[in-house]
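S.K.: Sequence:
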Amino acid sequence: MNVVCNWMSRFTAMVAVLVAILEPGVASAEVVTLQELEALALRNQAHWEAIKATTTRATAEVDAARARKLPTFWMDVMSVVAPGSDIERVETVDGREVNVRASPTVTERTAFRPNVRYEGTIQMRAPLYDGQTQASLRAARAYRAATQASAGASQEMVLNMVRTAYLDWLATYLHHGFAAASAREAQAQRRRTGIRVKDGERPPADLDAAHYQQLEAELVASDAAAKLEAAKRLLESAVGTELPPDAEPDRDLLFIVAEDPRLEQKWEIEALELERDAARDEADMYRKSRVPVLAVIGQTGLAGVNERVFPMYRLGLNLSVPLWDGGRAVSLARAADARASELDARARDARIERDDRRQQALIERRNAEEQLVLAESLVEISQRRVVQAETGYDLGAGDLDAVADARSALRDAQSRRLQIQVTRADAILRLNYPETQ
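Using numbering that gives the first Met the number 0, you'd call the opening residue of the sequence shown number 0 and step up by one each time.
Treat the hints with care, since some could be wrong.
What the hints assert, rightly or not - Simulated restraints on C-beta separations:
1) L127 x T104: 39 to 47 Å
2) D393 x L41: 31 to 39 Å
3) E341 x D75: 25 to 33 Å
4) R42 x R347: 29 to 37 Å
Unchecked claim - EDC-like cross-link-like pairs, simulated, lysine to aspartate or glutamate; straight-line CA separation at most 20 Å:
5) K226 x D249
6) K287 x D336
7) K231 x D393
8) K197 x E215
9) K231 x D249
10) K231 x D245
11) K197 x E29
12) K231 x E247
13) K231 x E241
14) K231 x E29
Derived from the structure by calculation, the hints contain no laboratory data.
All C-beta atoms in this analysis are idealised placements derived from N, C-alpha and C, irrespective of residue type, glycine included.
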């Protein structure tokens with residue numbers, strides 16, 4: 000039996016993926032509730048490597064963007080053998096003696112004599128103002144938030160898939176129960192008819208008719224059993240867990256109480272909106288690449304030639320002013336703005352679709368509750384008609400065809416009531432969905 004659910008169209012396409020990536024587990028309860036399977040599916044889905052890798056990468060990108068605001072240090076060590084740059088002691092105009100580097104001319108005898116030059120320095124650069132780094136940090140944080148929202152959206156999809164499969168399993172389980180009960184009734188009817196034919200109370204043709212009805216009911220029950228097994232396998236695929244052979248669905252779910260609708264999960268919309276904001280921040284980052292960058296620079300160390308060593312240090316401000324990059328920053332900013340506009344349109348469409356789904360669930364719940372009253376009455380009347388047909392046959396006032404028709408009408412009434420109950424439960428669950436963890 001098919002379940003009326005908006006997520007059913009997505010379910011089949013995702014089952015094969017989930018089978019491959021979710022870890023197997025064990026569900027031990029004989030009566031397995033929807034809440035238990037949802038929790039188990041989320042635990043399995045938490046090991047979804049793609050989601051973990053994406054979230055980790057987004058967090059690392061935030062850390063990398065934040066690091067650009069911190070001072071950077073590096074050490075340079077250099078040694079080379081080359082002519083020139085001797086160390087000479089000279090006297091300044093105020094009478095002081097200092098060591099300086101001086102190179103002889105090519106006409107001098109020592110012009111090509113090699114000297115060992117060496118240098119070891121530690122350098123520092125600390126940004127004071129860098130608009131691009133701040134914009135890059137905002138964009139990285141927005142992308143990380145969008146990634147987390149996407150993870151929430153994937154969890155929400157898993158829960159919807161589990162709910163859809165569970166309701167389908169519940170419906171097929173009860174439908175199989177109706178068919179199995181009908182087969183048992185047909186078998187008992189055949190035995191009673193055989194006794195009455197043997198006693199001469201009914202014609203021999205009734206035995207063939209009873210046998211035919213039994214075989215037909217058993218065939219329906221066998222088909223229902225096959226559908227039940229298929230529904231159970233789909234549920235196991237959605238959860239990523241093999242259920243026990245004697246597992247049973249929770250029938251109480253059909254009688255779930257309708258509450259005031261909660262605020263619906265909107266992970267998908269939030270993810271799109273956060274990606275839109277991140278694209279805008281990224282566009283701002285590209286525009287800020289044309290803004291001057293002010294930084295403090297420092298250097299300290301030693302330098303020398305042969306055995307003469309000199310101290311080195313330097314401290315100052317560095318102002319970098321971009322002049323022209325061939326239009327690359329402007330083009331990238333325009334591309335990011337276009338992506339932000341696209342994401343904004345998708346977010347609006349998703350919001351409209353969410354509101355439509357919500358209104359549809361409200362309508363389905365209201366209609367199902369109205370139809371359920373009629374379906375209950377229909378089942379009651381069908382049950383009385385079965386009793387009347389069986390009594391009439393036992394009294395000789397009716398035939399087996401009337402009994403078979405009454406039982407078939409009862410099964411149809413029970414199936415229609417079950418479908419309405421499943422539709423109602425599905426609508427209530429969509430309106431009152433639990434928070435994902």
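S.K.: The structure should be examined with respect to each hint, and the outcome stated for every one.
M.R.: The hints, checked one at a time:
no. : hint                    : in the structure
1   : L127 x T104: 39 to 47 Å : 45 Å, holds
2   : D393 x L41: 31 to 39 Å  : 55 Å, violated
3   : E341 x D75: 25 to 33 Å  : 46 Å, violated
4   : R42 x R347: 29 to 37 Å  : 34 Å, holds
5   : K226 x D249             : 18 Å, holds
6   : K287 x D336             : 14 Å, holds
7   : K231 x D393             : 40 Å, violated
8   : K197 x E215             : 23 Å, violated
9   : K231 x D249             : 13 Å, holds
10  : K231 x D245             : 11 Å, holds
11  : K197 x E29              : 44 Å, violated
12  : K231 x E247             : 10 Å, holds
13  : K231 x E241             : 9 Å, holds
14  : K231 x E29              : 14 Å, holds
Of the hints listed earlier, those the structure fails to meet are numbers 2, 3, 7, 8, 11, in rising order.
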